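**Q** Here is how the chains run, residue by residue.
4 protein chains.
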Amino acid sequence: MKDAVLKILERPRLRNTILIEGLPGIGLVGKLAGDHMLDELNAKKFAEIYSPYLPPQVNIQDDNTVKLICMEFYYVKVKKNDLIILVGESQGITPDSQYRIAETILDLVEEFNVKKIFTLGGLGTGNITNEPKVFGAVTHKELVDNLKKAGVVFRGTGAIFGASGLLLGLGMQRGIQAVCLMGETHGQIIDAKAAEAVLTVLTRLLGIKIDMTEIEEKAKETEKQLNKMSKMVEEQRKAQERQQRFSDEVPLYIR
Amino acid sequence: MKDAVLKILERPRLRNTILIEGLPGIGLVGKLAGDHMLDELNAKKFAEIYSPYLPPQVNIQDDNTVKLICMEFYYVKVKKNDLIILVGESQGITPDSQYRIAETILDLVEEFNVKKIFTLGGLGTGNITNEPKVFGAVTHKELVDNLKKAGVVFRGTGAIFGASGLLLGLGMQRGIQAVCLMGETHGQIIDAKAAEAVLTVLTRLLGIKIDMTEIEEKAKETEKQLNKMSKMVEEQRKAQERQQRFSDEVPLYIR
Amino acid sequence: MKDAVLKILERPRLRNTILIEGLPGIGLVGKLAGDHMLDELNAKKFAEIYSPYLPPQVNIQDDNTVKLICMEFYYVKVKKNDLIILVGESQGITPDSQYRIAETILDLVEEFNVKKIFTLGGLGTGNITNEPKVFGAVTHKELVDNLKKAGVVFRGTGAIFGASGLLLGLGMQRGIQAVCLMGETHGQIIDAKAAEAVLTVLTRLLGIKIDMTEIEEKAKETEKQLNKMSKMVEEQRKAQERQQRFSDEVPLYIR
Amino acid sequence: MKDAVLKILERPRLRNTILIEGLPGIGLVGKLAGDHMLDELNAKKFAEIYSPYLPPQVNIQDDNTVKLICMEFYYVKVKKNDLIILVGESQGITPDSQYRIAETILDLVEEFNVKKIFTLGGLGTGNITNEPKVFGAVTHKELVDNLKKAGVVFRGTGAIFGASGLLLGLGMQRGIQAVCLMGETHGQIIDAKAAEAVLTVLTRLLGIKIDMTEIEEKAKETEKQLNKMSKMVEEQRKAQERQQRFSDEVPLYIR
Chain A
1 MKDAVLKILE RPRLRNTILI EGLPGIGLVG KLAGDHMLDE LNAKKFAEIY SPYLPPQVNI
61 QDDNTVKLIC MEFYYVKVKK NDLIILVGES QGITPDSQYR IAETILDLVE EFNVKKIFTL
121 GGLGTGNITN EPKVFGAVTH KELVDNLKKA GVVFRGTGAI FGASGLLLGL GMQRGIQAVC
181 LMGETHGQII DAKAAEAVLT VLTRLLGIKI DMTEIEEKAK ETEKQLNKMS KMVEEQRKAQ
241 ERQQRFSDEV PLYIR
Chain B
1 MKDAVLKILE RPRLRNTILI EGLPGIGLVG KLAGDHMLDE LNAKKFAEIY SPYLPPQVNI
61 QDDNTVKLIC MEFYYVKVKK NDLIILVGES QGITPDSQYR IAETILDLVE EFNVKKIFTL
121 GGLGTGNITN EPKVFGAVTH KELVDNLKKA GVVFRGTGAI FGASGLLLGL GMQRGIQAVC
181 LMGETHGQII DAKAAEAVLT VLTRLLGIKI DMTEIEEKAK ETEKQLNKMS KMVEEQRKAQ
241 ERQQRFSDEV PLYIR
Chain C
1 MKDAVLKILE RPRLRNTILI EGLPGIGLVG KLAGDHMLDE LNAKKFAEIY SPYLPPQVNI
61 QDDNTVKLIC MEFYYVKVKK NDLIILVGES QGITPDSQYR IAETILDLVE EFNVKKIFTL
121 GGLGTGNITN EPKVFGAVTH KELVDNLKKA GVVFRGTGAI FGASGLLLGL GMQRGIQAVC
181 LMGETHGQII DAKAAEAVLT VLTRLLGIKI DMTEIEEKAK ETEKQLNKMS KMVEEQRKAQ
241 ERQQRFSDEV PLYIR
Chain D
1 MKDAVLKILE RPRLRNTILI EGLPGIGLVG KLAGDHMLDE LNAKKFAEIY SPYLPPQVNI
61 QDDNTVKLIC MEFYYVKVKK NDLIILVGES QGITPDSQYR IAETILDLVE EFNVKKIFTL
121 GGLGTGNITN EPKVFGAVTH KELVDNLKKA GVVFRGTGAI FGASGLLLGL GMQRGIQAVC
181 LMGETHGQII DAKAAEAVLT VLTRLLGIKI DMTEIEEKAK ETEKQLNKMS KMVEEQRKAQ
241 ERQQRFSDEV PLYIR
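Chains as they are written, first to last, in the numbering used here: chain A, 1 to 255; chain B, 1 to 255; chain C, 1 to 255; chain D, 1 to 255.
Quick caveat, the hints were computed from the structure, so don't treat them as lab data.
You may find that some hints are simply not true.
[What the hints assert, rightly or not] Derived, one-sided and incomplete: chain D residues facing chain B with beta-carbon distance under 7 Å: (1) P12; (2) Q98; (3) A150.
[What the hints assert, rightly or not] Cut-off 25 Å, straight-line C-alpha distance, at most; resulting in silico cross-link-like pairs (BS3-like, lysine-lysine): (4) K2/D x K141/C; (5) K133/D x K218/D; (6) K67/D x K116/C; (7) K7/A x K67/C; (8) K116/A x K77/C; (9) K224/B x K209/B; (10) K2/C x K2/B; (11) K220/D x K67/D; (12) K45/A x K116/A; (13) K67/D x K141/C; (14) K224/C x K67/C; (15) K141/B x K44/A; (16) K44/D x K115/D; (17) K67/B x K220/D; (18) K80/D x K44/D; (19) K141/D x K45/B; (20) K115/D x K67/B; (21) K141/D x K44/B; (22) K115/B x K67/A; (23) K116/D x K149/C; (24) K44/C x K7/C; (25) K7/B x K79/D; (26) K2/D x K7/C; (27) K7/B x K44/B; (28) K2/A x K141/D; (29) K141/A x K45/C; (30) K67/A x K133/B; (31) K77/D x K115/D; (32) K220/A x K79/A; (33) K67/C x K148/A; (34) K79/D x K67/B; (35) K45/A x K7/A; (36) K7/D x K141/C; (37) K67/D x K115/C; (38) K115/B x K67/B; (39) K79/D x K149/D; (40) K77/C x K115/C.
Here the structure is a predicted model, which means the values were calculated and not measured.
Positions of the beta carbon are idealized from the N, C-alpha and C atoms, including for glycine.
Sequences and hints are given; from them, build the entire structure.
**A** Quick look at the structure:
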């Protein structure tokens with residue numbers, strides 16, 4: 001099995017294409033934004049990435065069938081652009097797999113002639129704010145002015161980890177222009193407000209409108225599900241530790 | 001050395017073949033069920049998987065010879081089906097090796113023309129119950145009805161980790177129908193009752209009977225062995241930590 | 001993606017070339033020394049190493065563009081030698097990647113016909129000293145005398161971890177002469193004094209002079225930046241842990 | 001760089017060759033026994049294994065030159081057998097590298113037509129004993145009787161981790177006969193007595209004599225060196241943790 005397998009389900013003809021990355025991260029800001037955009041724009045799935053560096057896990061769905069953890073690419077035509085929206089349940093679970101999966105994402109970007117990338121994420125501050133700013137970072141200086149006009153704040157310092165950073169860093173090496181939009185967030189709560197702030201800036205840049213009514217609702221739903229599961233995950237952790245001990249199965253440890 | 005080596009000892013002619021996976025996991029439910037089935041049906045070993053992602057360990061057997069940790073495939077003919085039963089002392093010890101080993105298992109599945117897979121496991125709840133339910137998850141919706149008739153409960157939510165999940169998730173990609181049967185269990189005890197519940201459903205589905213008298217006995221034996229070893233493993237842990245310190249062998253750490 | 005990618009930006013003609021390694025390590029002694037030398041000698045970048053075993057991270061620069069974490073090679077002509085100076089934000093983050101990256105560095109060394117290597121680092125003692133010694137280790141016995149004359153202290157015992165050690169150990173196998181210079185340092189502070197001591201010895205050996213006025217300043221700057229970030233990193237850590245929990249996304253852990 | 005590199009320095013002609021493995025493990029029993037045997041028999045080095053899965057470390061020797069961590073093979077002719085003695089400063093540091101390095105050792109075994117392997121180790125019990133037993137495990141049942149006559153105790157239960165186990169488990173797959181001899185030891189002390197017990201049995205089996213006078217001395221030396229370094233290693237640990245924090249170098253962690 002390769003480190004990351006790109007599986008293309010359909011080959012839509014796309015023009016002036018922009019990739020939008022909304023994978024899980026701080027405050028789930030990117031994931032919330034990506035998932036909401038997907039739903040509101042009725043985007044259509046056309047590709048997937050599977051990887052042994054995603055959790056070895058299937059999720060059981062409402063219809064009792066399972067779905068292997070993966071990353072998913074959707075497309076939708078809006079105004080003068082075609083959008084590819086990348087979402088998923090997890091990022092790569094080892095540092096090096098972050099690189100390998102980002103390279104696979106960029107392979108798709110090149111195959112579908114993507115002109116620009118927006119990566120969405122949160123910037124954790126430890127504070128709660130009612131009017132979260134949207135911070136930016138870019139691959140090329142000339143991108144800054146236009147983003148400032150759309151309300152993006154630049155601070156000229158910081159670091160970006162994971163896919164939201166690597167798609168810029170590795171994308172540059174392939175000559176791709178890319179922007180990271182980071183919603184100001186506490187860091188320890190699932191933050192629909194920050195996701196909304198990011199989407200507000202992004203849609204302004206794309207010249208489209210998205211209804212935000214349900215994003216808060218979705219975040220609450222996610223929060224509730226998370227709390228419900230917290231106790232159960234704890235139980236499983238303990239169970240696992242016991243199993244772990246069992247794997248040293250026999251009484252004598254010699255080497 | 002490859003990430004997982006499939007070694008075929010014999011090439012039995014099998015028809016209408018079903019794979020049953022009983023590897024260690026929560027409550028050792030799957031392992032207990034698989035091992036018991038093996039014994040009661042007098043199944044015969046025909047293949048093994050070795051992997052550097054299984055523990056680097058040999059077990060000393062009654063006759064003082066050692067056995068390298070591996071996964072083992074047995075076959076047996078029952079009624080209208082041939083069964084392949086997969087058991088072992090460990091699952092892959094890194095997340096990505098879970099994927100690589102599952103792919104190797106599926107290679108065997110395809111070589112022996114397996115039509116269906118049942119994976120057996122436990123579902124940890126943190127509670128002790130006298131009448132454990134058997135929960136299910138499937139690769140294809142049309143499998144649900146028949147399983148419900150056999151007493152399987154479906155909840156349409158949850159996640160399955162490890163081989164019991166990946167054989168479904170990766171099997172689907174090869175067009176294989178598969179079912180995961182999970183016995184309700186506390187999670188922190190070795191649970192013969194949950195294993196029995198799973199076997200009761202499975203044998204009903206296969207139209208065969210298996211004597212359950214000794215499964216409780218085996219679980220007790222396993223429990224006893226586990227307790228006996230707990231203290232000794234502790235000793236070895238401490239020893240190892242000391243060794244670890246020694247591997248920084250010389251006084252100065254510079255880099 | 002390869003384990004380490006050597007990217008050559010320019011192919012300067014170099015003669016009697018010496019490689020000087022100044023990557024981060026104990027007390028940041030090597031990094032401070034390398035970075036300072038680079039600045040004072042106005043060296044020019046000509047090559048980079050990218051690797052999935054460097055942190056999956058981009059840093060945001062003053063002009064709001066991002067820079068992918070990497071190692072960088074600079075060159076400068078001084079007196080009778082050409083120098084290649086190797087600096088970077090990180091060493092390989094897994095033990096085996098230390099080897100793989102060191103081999104890639106040595107590939108460059110051979111390509112540019114490097115005759116000698118100096119690796120710079122700190123030797124942690126747990127004590128604070130006003131006149132830090134510079135300890136040495138070598139690949140070939142005949143190098144010792146000359147170093148002693150330049151003030152290097154030899155103790156004939158110890159270990160060197162990471163790039164500063166492996167460039168000697170693996171370099172020897174390619175027939176390269178190499179020296180490790182280690183500044184005596186506390187170990188838990190960023191130590192400009194130790195870096196200065198190392199540079200004093202090194203410049204003496206190279207027969208050049210470097211102004212040391214700003215090295216203390218730079219170390220203070222680094223210290224300040226480090227303290228400022230400490231609290232924020234803490235916040236992010238907590239955030240990450242919460243995310244981690246989320247990645248076990250659904251209530252049931254079964255395997 | 002390959003996962004393990006076998007480097008053959010000389011190709012001695014060997015007959016009726018036996019491999020003796022004395023790598024570090026519980027109580028350093030195997031290492032003490034191997035190192036002592038080497039010294040007393042004046043064995044000669046002829047091969048080495050380097051691996052990125054050994055610690056990324058060089059040790060500074062008495063003459064101030066460095067030595068890259070490796071495993072070493074020595075040979076010596078005794079009576080009717082040629083012996084190959086395998087020693088080293090470390091075993092593979094990841095579980096899978098244990099397998100990969102063991103396979104490389106077995107490649108050498110086959111190249112030099114080794115007929116039999118003895119692996120030496122400790123069996124930790126948590127107790128201190130004055131007359132340590134020597135426990136055994138074998139690849140082939142027919143080896144047991146002869147070993148019993150030499151004083152080896154068999155218990156028919158237990159597990160062997162690391163090289164001492166894998167050389168049996170993987171050796172069997174290549175048709176090689178092998179024996180593991182384990183000296184009874186506390187587990188948390190460096191145990192010359194257990195090493196002596198193992199050597200007593202081994203030399204009896206080989207029909208040779210080795211002077212044991214200095215083994216106690218060597219163990220004390222090792223112990224002393226270990227204690228001296230304990231505090232310094234502690235210092236370095238703390239230093240490293242601080243460095244680690246620095247590698248998250250910039251204030252904002254976003255992904």
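**Q** Enumerate the violated hints, using their earlier numbering and listing them in ascending order.
**A** 1, 3, 4, 7, 8, 9, 17, 23, 25, 28, 32, 34, 38
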